[in-house]
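Residue numbers (my numbering), protein chains in the order written: chain D, 1 to 355; chain G, 356 to 875.
It is worth saying that the hints were derived from the structure and are not from the lab. For clarity, every value in this text was computed on a predicted model and none was experimentally measured. A couple of the hints might just be wrong.
[What the hints assert, rightly or not] Per the computed footprint, the stretches of chain D lying under chain G, defined by three or more beta-carbons under 8 Å from a beta-carbon of chain G, are: (1) 52 to 58; (2) 254 to 260.
[What the hints assert, rightly or not] Simulated DEER-style distance windows between Cβ atoms: (3) D:125 - G:801: 25 to 33 Å; (4) G:805 - D:131: 26 to 34 Å; (5) D:172 - G:546: 43 to 51 Å; (6) G:805 - D:241: 36 to 44 Å; (7) G:744 - D:82: 39 to 47 Å; (8) D:241 - G:516: 50 to 58 Å; (9) G:584 - D:60: 22 to 30 Å; (10) G:791 - D:270: 52 to 60 Å; (11) D:82 - G:805: 54 to 62 Å; (12) D:139 - G:685: 28 to 36 Å.
Even for Gly, the Cβ is constructed at its ideal location relative to N, Cα and C.
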Amino acid sequence: MNAPLLTVHCLSKTFHDGTLPVVNGLSFEVEEGELFALLGPSGCGKTTALRLIAGFMRPDHGAIALAGRTLADDHTFVPPEKRGIGFVFQDYALFPHLTVAQNVAFGLRAMKKPARAARVREVLRMVGLDGLEDRLPHALSGGQQQRVALARALAPRPRLILLDEPFSNLDALFRQEMRDRVRDVLKAEGTTAVLVTHDQEEALLFADRVAVMHMGRIEQVGTPEALYLTPRTLFVAQFLGQTNLVLTEAHGDEVETVLGRLRLHRPAEGPVLVAVRPEHFAVTAVPDHPDCREAVVLHRAFRGHDVTYRVQMGGSGHGPVDCLVHTHNREPFAVGDTVYVRAVEPAVVLEKAGA
Amino acid sequence: MQARALPRLFPRPYLWGPAALVATGVLVPLGYLVVRAFEAEPGELAALLLRWRNLRLLGNTLGLTAGVLAAATALALPLAWLVARTDLRGARVVTLLGVLPLAVPGYVMAYALLGMTGTNGLLARLLDVGWPRPSGYPGALAALTLYTFPYLFLNLRTALLGLDPALEEAARSLGYREAEVARRVVLPQLRPAFLAGGLLVALHVLGDFGVVSLMRFETFSYAIYLQYAAAFDRVYAAWLALMLLGLTGALLALEARLLRGRRYARTGGGAARHPRRARLGGWAVPAYAFAALVALASVGLPVATIVYWLGRGTEAVAWGDLGAALWDSARASLPAALLAAGLAVPVAYLGVRKPSGPSRLMERVAYLGYATPPLAFALALVVFSLAAVPFLYQTLTLLVLAYALHFLAEALGPVRSALYQAPPRVEEAARALGRPPLAAFFAATFPLLRRGLGVSAAFVFLSAFKELPLTFLLSPLGFHTLAMGVWGAAGEALFSVAAPYALVLILTSSVLVGLLLRGT
Numbered sequence: 001m002n003a004p005l006l007t008v009h010c011l012s013k014t015f016h017d018g019t020l021p022v023v024n025g026l027s028f029e030v031e032e033g034e035l036f037a038l039l040g041p042s043g044c045g046k047t048t049a050l051r052l053i054a055g056f057m058r059p060d061h062g063a064i065a066l067a068g069r070t071l072a073d074d075h076t077f078v079p080p081e082k083r084g085i086g087f088v089f090q091d092y093a094l095f096p097h098l099t100v101a102q103n104v105a106f107g108l109r110a111m112k113k114p115a116r117a118a119r120v121r122e123v124l125r126m127v128g129l130d131g132l133e134d135r136l137p138h139a140l141s142g143g144q145q146q147r148v149a150l151a152r153a154l155a156p157r158p159r160l161i162l163l164d165e166p167f168s169n170l171d172a173l174f175r176q177e178m179r180d181r182v183r184d185v186l187k188a189e190g191t192t193a194v195l196v197t198h199d200q201e202e203a204l205l206f207a208d209r210v211a212v213m214h215m216g217r218i219e220q221v222g223t224p225e226a227l228y229l230t231p232r233t234l235f236v237a238q239f240l241g242q243t244n245l246v247l248t249e250a251h252g253d254e255v256e257t258v259l260g261r262l263r264l265h266r267p268a269e270g271p272v273l274v275a276v277r278p279e280h281f282a283v284t285a286v287p288d289h290p291d292c293r294e295a296v297v298l299h300r301a302f303r304g305h306d307v308t309y310r311v312q313m314g315g316s317g318h319g320p321v322d323c324l325v326h327t328h329n330r331e332p333f334a335v336g337d338t339v340y341v342r343a344v345e346p347a348v349v350l351e352k353a354g355a
Numbered sequence: 356m357q358a359r360a361l362p363r364l365f366p367r368p369y370l371w372g373p374a375a376l377v378a379t380g381v382l383v384p385l386g387y388l389v390v391r392a393f394e395a396e397p398g399e400l401a402a403l404l405l406r407w408r409n410l411r412l413l414g415n416t417l418g419l420t421a422g423v424l425a426a427a428t429a430l431a432l433p434l435a436w437l438v439a440r441t442d443l444r445g446a447r448v449v450t451l452l453g454v455l456p457l458a459v460p461g462y463v464m465a466y467a468l469l470g471m472t473g474t475n476g477l478l479a480r481l482l483d484v485g486w487p488r489p490s491g492y493p494g495a496l497a498a499l500t501l502y503t504f505p506y507l508f509l510n511l512r513t514a515l516l517g518l519d520p521a522l523e524e525a526a527r528s529l530g531y532r533e534a535e536v537a538r539r540v541v542l543p544q545l546r547p548a549f550l551a552g553g554l555l556v557a558l559h560v561l562g563d564f565g566v567v568s569l570m571r572f573e574t575f576s577y578a579i580y581l582q583y584a585a586a587f588d589r590v591y592a593a594w595l596a597l598m599l600l601g602l603t604g605a606l607l608a609l610e611a612r613l614l615r616g617r618r619y620a621r622t623g624g625g626a627a628r629h630p631r632r633a634r635l636g637g638w639a640v641p642a643y644a645f646a647a648l649v650a651l652a653s654v655g656l657p658v659a660t661i662v663y664w665l666g667r668g669t670e671a672v673a674w675g676d677l678g679a680a681l682w683d684s685a686r687a688s689l690p691a692a693l694l695a696a697g698l699a700v701p702v703a704y705l706g707v708r709k710p711s712g713p714s715r716l717m718e719r720v721a722y723l724g725y726a727t728p729p730l731a732f733a734l735a736l737v738v739f740s741l742a743a744v745p746f747l748y749q750t751l752t753l754l755v756l757a758y759a760l761h762f763l764a765e766a767l768g769p770v771r772s773a774l775y776q777a778p779p780r781v782e783e784a785a786r787a788l789g790r791p792p793l794a795a796f797f798a799a800t801f802p803l804l805r806r807g808l809g810v811s812a813a814f815v816f817l818s819a820f821k822e823l824p825l826t827f828l829l830s831p832l833g834f835h836t837l838a839m840g841v842w843g844a845a846g847e848a849l850f851s852v853a854a855p856y857a858l859v860l861i862l863t864s865s866v867l868v869g870l871l872l873r874g875t
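Bound conformation, chain D alone (with noise of 0.2 Å):
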């Protein structure tokens, strides 16, 4: 494996009016030409953790670097002009009184003009503003002002972007598009990139890689797939969309639940907390497998493209419990019907809280 391209080691940064530090031992790493996202819920220390990146705010503790340099450490502070990193503010922070080729060109001094010019001219060729170079940002709409931003921290060819909250101004429909946008510009330029955002289809859809944090520190760092479907915490997995959760006695690698008998994704002994995907479950309207259990659908709610159904089962000795089901649409079920479940993917065994 390559160096990586940014390495953040045990950062933190308190507030002086809070005790609790905003970002509390934060550690990870971004490859070369990696699209890296950070997902929180508001407050969680995400935005702060690209300010420190970006050497707008001086951490604590921790280090920081980039290819192999050293940002920010105990002994050094690189202040944010001398770190070629580019920011994309999440209200874009244009310069007013500059037009939009004057604020792409902002970090391009050291360039002859020509060349500075035919740079502007590229880059926003490349997120699609070309003739709208004399405008001033006042002129332009939201998502116009968002790709001007992008260009001007494209500009000047940083080996690392830092994305905050970039699409969170925008309207639902045009976040789609734009998010599509910037990420084939930034694999087109081969940027790396460090995202920060609160939504977590926008983290899966954007993302090579993604880290979730939890007050101040990473819960766990994987691709989207890995995060969605072997979440390590009970955070990460309610964070990443709706999941049923048990709590049950382990021995080996299956276990037998109030939703049925489960597989486990890796074996496990003792009392474990497991969680299963509402679409991991199978629903049919005869009863096709030994392992499958009776319910009755409690609640259903149909999205065109599929149902997702509350059931309740039966349970053995622990009172009836409702689960979550998500199935494809070809099988309406109404509520009342009895139904039998049956999880067909191993369930997720959890680590403990604190572990």
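The hints should help you fit chain G onto chain D, whose structure is shown.
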């Protein structure tokens, strides 16, 4: 390249340097004044402090302040109510007339009162009756009221326009009559505006020298001048200045105390509706008469007096002297305006962007410099410069520095507002694009401050241009500004000599006030 670890507290000398200069420039001379005052022998000290005269000065100063506050309120409150809460037509013109007196310096107002009366005065000529010249308490009261009431008027007008009509409607629905609502709901809400405007009026009265000297009414300021200029008793002058400083400090503390713990902001969400306007009906006539009378007294009177004496001028106007005075006024005020605007940027930047104990202290000191009565400040600078930097004494440099430090607070406001409107992210974006801190500031934030800086410089220029007491004590030998021209001639009853100086002064001031009104 690896940057070295910078010391955390004062990492940017170009920010903290100028801010520290401001703090030093204001605090050190005042501190030195205290040192100087205590140089007196204990016996001498007791003799200085336990004089009946001190008590009389205190009584005079307090009496004048209270009188001006009451009289200015009597003019400002009805006028503000008329333009803000009634259907008076031409409210904009009345508002403008209520602001224009700001362009008339106090000593010009006093000159106008003196030049209008007496056996040769304008009134005597018009009415054929010799009006006695005002002097002492009534004269000082009239002149000070007529030029300071706009401070109260502007504050009260803004407050009246901003009141939430829902509060008054609520009171009406709870069974209060309109007059009761005015007394129990509207008036209490005007309190912060009254305190803010009243503080400015009171600070002007405490600091005033031109009016009380022309009216020969002995307040602390006038006594300091007499001790310094006539009796050459610097120690007693220093003590008088300290007493005046103490009085100012007490006033500031009182204002802060009266304002403490009071919240008048709207508590609900959403935008407030416009307040309901009262129908004047037949009362419009006395309303116009009142507004006209105020405008006639505060704007018409000085203009008429100046024009009258210009026409009666027996000798030709000494154009050379006038031009020289204009040049002296300009060459002290212009650098002071630029310096104050320049100093305001780091001080405001620290206060807005890096709020901390030290940065707040810097801002407080700037406001302290403004509140310090000019004669006390000038005296402090005189004793300090003579002792520590004698080569600066009676130089243009020291005068410019004194103007800039004294009027810095006027420059801070516009720069602060502009900074609050300039998003800090923009500067960070410039940093991320490779500009070091100072270059990032000039590339990203400074262009957004230009307008605010222009307003700041104009405010300070206007104040310095009209300034009298600082100029008196600190100006170089042979230096003669327009303000000194008016004051000197008016003091000797040479009204026609004073007229052209006064005319140039109020014309320049009016143009600037007009520009500022359009700009803010």
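Status of the hints after comparison with the structure:
no., hint, verdict
1, 52 to 58, "holds (count 3)"
2, 254 to 260, "violated (count 0)"
3, D:125 - G:801: 25 to 33 Å, "31 Å, holds"
4, G:805 - D:131: 26 to 34 Å, "30 Å, holds"
5, D:172 - G:546: 43 to 51 Å, "48 Å, holds"
6, G:805 - D:241: 36 to 44 Å, "51 Å, violated"
7, G:744 - D:82: 39 to 47 Å, "41 Å, holds"
8, D:241 - G:516: 50 to 58 Å, "53 Å, holds"
9, G:584 - D:60: 22 to 30 Å, "59 Å, violated"
10, G:791 - D:270: 52 to 60 Å, "59 Å, holds"
11, D:82 - G:805: 54 to 62 Å, "28 Å, violated"
12, D:139 - G:685: 28 to 36 Å, "41 Å, violated"
The earlier numbered hints that this structure contradicts are 2, 6, 9, 11, 12.
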